[in-house]
Amino acid sequence: MHVPGWHEATKELQRQGQLQMLGIIEEQHPDRAQLFMQWKQMGWPVLVDSYNLLEAPYVPITVAIDEHGIVRHIGMPMQDARRLAEQFLKESYERPVGDAPPTRLPEVEKLKVAAEQQKTGAAWRAYGDAVAVWGGREPFANAIAAYEQALKLNPHDELAEFRLGVAYRMRYDSDRRRAQDFQHAVTHWSRALEMNPNQYIFRRRIQQYGPRLSKPYPFYDWVAEARREIRARGLEPATVTVEPMGAEIAQPERSFPQSDVVEREPDPQEKILRDGGQFIRTETTVVPPVIDPGGAARVHIVFRPNWETKAHWNNEVNGLVLWVNPPEGWPVDHRAQTLANPPQSTSQEIRRVEFEVRAPPNAAGRVTIPAYALYYVCEDVNGICMYRRQDLRIPLEVRGPARNISPQEK
Amino acid sequence: MKLYLKILFAWAAILAGVSVTHAQRSGMAPLPFQVGEPFPAIALPALEDGRPRSIADFRGQKVILHIFASW
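In order, the protein sequences belong to chains E and P.
Here the first sequence is numbered in our numbering, starting from 1 and rising by one per residue.
Here the second sequence is numbered in our numbering, starting from 1001 and rising by one per residue.
The shape of chain P in the complex, shown without the other chains:
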């Protein structure tokens, strides 16, 4: 194999080894969604009235979603 190809494959191997998800980088448990993937469109009851809603109801808008608790 030509030398430059060996070097290229070696760098690819190194980069694959250090490639980490956001969760791993932050030392936290892995998340059930990833950048570049659809956010899960699970139907959940709205706090206001109990009607089923999901992220699908907000298509067409840019959304900042907070998964949180009041404590």
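If we strip away everything but chain E, and leave its shape as in the complex, we get:
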């Protein structure tokens, strides 16, 4: 890999103090990069740029910067790292005229006042950037509001669309999560990518959670190996707040991975009593929300026990079953999935299931994919345990002849 290869090739130069390595990471979940650095034993500083304030169009990019902060080389191949580094160290450059400015934090409140006075998309985006990264108590809500205001003033701002998506996903991963945050994130990333299809940071952010047909590589399949190797060194692996799973560790496929196992529908006559969310609340996210005819999407379904009814999973019987009933001509990778129960007899964890669906070549417009989940659940208000079914209606849109999706469509 590019960055570890550079590190290995220049370790001696770094140890001698001749060369400083520095990283800027463009990831939605930056603590995974911390695990990566620990795994590859790279101890140099890394800065976090989840919102892509740098406006990097792709990664990796390796840049040689002289002692005055001036860029001297861009795009240095790893295969030649040692020679390029030694050559760079021998080069000498004149100090530019004037003092270089120190690191300055953006002044969040001043930027807010400026946005309110200037009333431009760019000013609101600048405020959104500042509050998203440095914003204190409610960074996500304030950043979301700022970016949405930026887009009202300039609906063609791809940076505001992308960063709005980042803020929504950040809030989804926090204890401030609101319903549909993940879907909003994907919708805004998709709009950003439509505006600038050459922006690979935008593209990778969607592919990370998307179908295997669209993946260039498995994004986080290295995590398990990293943890094993770190433990073998006698160390505890760095923790990650959002465990990569499902789409994020799935291997790419070059043909749609349709199961040829004949699966039996568990409740074809709809006899199981319904749970309308009283016990388990569900949320679905479709990635991407709009696909081409013949294209694939990955559906993420989250099941959360309802705290108000003190609901919890009953693990002494069969695990949660998801059954998908796609329309005729719409293949799915799994019609039936059964989750394994944890070892304890009851639990309250969030459960997640994902599946992929492919549109037929002649599809167009909005479609609903029906599905349902069957599960054993108990509640502590009346002390009842029961077997319930929850119906799901998963919306998907197939791109027809070229048309614009308005910002109001969510």
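Take the hints with a grain of salt, since some may be wrong.
What the hints assert, rightly or not - When the alpha-carbon atoms are kept at most 30 Å apart in a straight line, the in silico DSSO-like pairs for lysine-lysine are as follows:
1) E:Lys-112 - E:Lys-152
2) E:Lys-90 - P:Lys-1062
3) E:Lys-271 - E:Lys-215
4) E:Lys-40 - E:Lys-11
5) E:Lys-11 - E:Lys-90
6) E:Lys-11 - P:Lys-1062
7) P:Lys-1062 - E:Lys-40
Derived from the structure by calculation, the hints contain no laboratory data.
What you are looking at is a predicted structure, and each value in this text was computed from that prediction instead of being measured.
Go by the hints and put chain P onto chain E.
Leaving out everything else, chain P in the frame of chain E:
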């Protein structure tokens, strides 16, 4: 105009037409920084402790900067 000047201007025009940035040469999207220009001193949180840092904190040292992702 003297002939040698015409030839000189013609070569300048040709060279201006084929002059490309690193990004264009590599077929990739243009970068927000260029050789010979200061690298943007945007304050970003350090991964280790969240404190604000930028390239400005490394003045006086030669730096190899990697813009990357762990995937």
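Consistency of the hints with the structure:
Between Lys-112 (chain E) and Lys-152 (chain E) the alpha-carbon distance is near 16 Å, which keeps this suggested pair within the 30 Å criterion. A distance of roughly 10 Å separates the Cα atoms of Lys-90 (chain E) and Lys-1062 (chain P); the hinted pair therefore holds under the 30 Å criterion. A threshold of 30 Å between alpha carbons decides the hint, and for Lys-271 (chain E) with Lys-215 (chain E) the separation of about 39 Å lies outside it, so the pair is violated. With a C-alpha separation of about 12 Å, the suggested pairing of Lys-40 (chain E) with Lys-11 (chain E) holds against the 30 Å cut-off.
A C-alpha spacing of about 17 Å is found between Lys-11 (chain E) and Lys-90 (chain E), which places the hinted pair at or below 30 Å, so the restraint holds. Only pairs whose Cα atoms come within 30 Å are accepted, and Lys-11 (chain E) paired with Lys-1062 (chain P) is accepted, the gap being roughly 14 Å. The suggested pairing of Lys-1062 (chain P) with Lys-40 (chain E) holds, with an alpha-carbon distance near 22 Å, which does not exceed 30 Å.
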